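Participant: Each chain, letter by letter, is given below.
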Amino acid sequence: MRPFAYLRPTTLDQTIAALSDPSAKPYLLAGGTDLIVRLRRGHLRPTIVIDTKRIRDLHDEIVAVDGGLRIGAGVTMTSIMRDARVRQHFEALVESASVVGSVQIRNRATLVGNICNASPAADTVPALLVYNAVANVVGPAGARSVPLSEFFSGPGRTVLTRGEILESVDLPFPKQPVGAAFGRITRRRGVDLATINLCGLIDGDGAARFAFGAVAPTPFLATDNSGALVANGTDLSARAAALRALFSRSRPITDVRGSQEYRNAMLEVMTDRTWQVAAGRLRSRLETGSA
Amino acid sequence: MSAGDVTVHMQVNGRSFALEIPPHHTLLDVLRDTVRLTGTKECCAEGECGACTVLVNGQAVCSCLVLAVEMDGREITTIEGLASGGQLDPLQEAFVATGAVQCGFCIPGMIMAARQLLALNPYPSRAEIQEALVGNLCRCGGYSRILDAVARAAASQR
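Protein chains in written order, with our numbering: chain P, 1 to 291; chain Z, 1 to 158.
In isolation and in its complexed conformation, chain P is listed as follows:
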């Protein structure tokens, strides 16, 4: 690894100032599970690495806020998986966090880092998109909130500008019972990146939100309010057409993890399978009367 300077700020102001220094080439370090691999390969050559883990006002907790949960920048995948509130309200997010890397990776990797790394294949992003996540950004010009659906601008690129930090992510509780499910295709079960991944969510009115990863330059969200995807629907051809329309924006490429043709074929299979799981979950939730 090439040498770099190391800064461990304790306040956001120090961090923003260091990130904004025009003479430096800084990178933020949270869990490091993506960053350190790229430092070692020489893909990134920062002059300074800024460790976010001791910033006092950048918390590593999941806190209740009005109508939802706020996930701080330091929260790891392991913490997401163990949190009872996340498990109750955002089960597809738990499913997606549970397949990131391995135990060792999940103990370090943060949810916010997964977002900021901006991989088209980021496993937790489809779930965050269907749950209407909002990114809370702070920077030299103050704070702003960005819907996660508007956060990504390309592979590895986000709308963050120089000096800005993704401070936390807000997840609003669903306003009515929903069923949601995460799905993905990998070549092997552990420690693999997704060939495709997706998350589907439907509510009692049949409104559906699906998000897809690894099939376009950024993860993307699509919605259907036609009613064709209602949980107890019986019109199979209408459902198939509605599901196909959801991923019509996909533009998969061929790479080491799969061919374009395979990804297209799996989109069809996995979208239906994910709808089945989400619909089943919604039906059982409505039957037992629990939100």
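Because the hints were derived from the structure by calculation, they are not lab data. None of the values given here were measured: they were computed from a predicted structure. Even glycine gets a Cβ: it sits at the ideal position worked out from N, Cα and C. Heads up, a few of these hints could be off.
Pulled a few chain Z residues facing chain P out of the computed Cβ check, cut under 7 Å [said to hold, decoys possible]:
hint, residue
1, H24
2, E46
3, T53
4, C62
5, L65
6, G135
Chain P is already provided as a structure; the job is to place chain Z on it using the hints.
Facilitator: Using the frame of chain P, we list chain Z on its own:
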């Protein structure tokens, strides 16, 4: 010490160290080359194989994906820290008794990952053991006996 080195206070297997560390050195580098504990192995150096697994404040991590300077104030346990008073850890006993060790290179990482599992879950199912070790590769392919060994250690701890 050269310009840019950072003073790091950390505990390794219960011993306190104050080290001057260049920021680009990983925890794995420092454990092996500075602290001279070579039980922790370097293999893939990108978080895929688990051979470098150690515990940081009780949590299994890949030491190749951690900068040593991040470890200020942390407690690290390596494979050398498991045995105490001449007595092997139940996992080490079980790996020996089960014949789970072939070439041995992956074993320190396997045992450290299993150590976290048994600390959190004294009654793991076979599937839970597999999931806990999903980030640890054995190039001899000796997985069955490794899983047997973890199950045996879990039983012996109860």
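Participant: May I ask which of the numbered hints given earlier this structure violates, with the numbers listed in increasing order?
Facilitator: none
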